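For reference, each letter of the sequence shown is one residue, going 1 to 65 in full-length UniProt numbering.
FYI, nobody ran anything at the bench for these hints, they're computed from the structure.
Here the structure is a predicted model, which is why all the values come from computation and not from measurement.
Mixed in with the good hints there might be a few duds.
[Unchecked claim] The following label-pair restraints were derived from C-beta to C-beta distances: (1) E55 - E13: 35 to 43 Å; (2) D45 - G6: 36 to 44 Å; (3) L35 - V64: 13 to 21 Å; (4) E12 - N61: 17 to 25 Å; (5) A33 - D65: 30 to 38 Å; (6) A11 - A39: 19 to 27 Å; (7) V8 - W46: 24 to 32 Å.
Built from N, CA and C at the ideal position, the CB exists for glycine as well.
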Amino acid sequence: MRRRAGDVVVAEEEGVVVVPKGRQGQVLRDARAKLEEEASQSLDDWEAEHRARIENALRDNGFVD
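Construct the complete structure from the given sequences, taking the supplied hints into account.
Structure (structure tokens):
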């Protein structure tokens, strides 16, 4: 993706994302909704969901049987 002036770049241990300037408001609203959803989960539930997503991604990309 090409970066342009005004874009926001966010990086953390799981990856990097570039948010185009024109989508920042929607991305912020979506992130806040996700944060609220995750805050209502127990750590065990979050971990199980996270592990399932990772395992599915690995399987879907041919890294595991």
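Hint-by-hint comparison with the structure:
{"no.": "1", "hint": "E55 - E13: 35 to 43 Å", "in the structure": "violated, 18 Å"}
{"no.": "2", "hint": "D45 - G6: 36 to 44 Å", "in the structure": "holds, 37 Å"}
{"no.": "3", "hint": "L35 - V64: 13 to 21 Å", "in the structure": "violated, 30 Å"}
{"no.": "4", "hint": "E12 - N61: 17 to 25 Å", "in the structure": "holds, 21 Å"}
{"no.": "5", "hint": "A33 - D65: 30 to 38 Å", "in the structure": "holds, 35 Å"}
{"no.": "6", "hint": "A11 - A39: 19 to 27 Å", "in the structure": "holds, 23 Å"}
{"no.": "7", "hint": "V8 - W46: 24 to 32 Å", "in the structure": "holds, 25 Å"}
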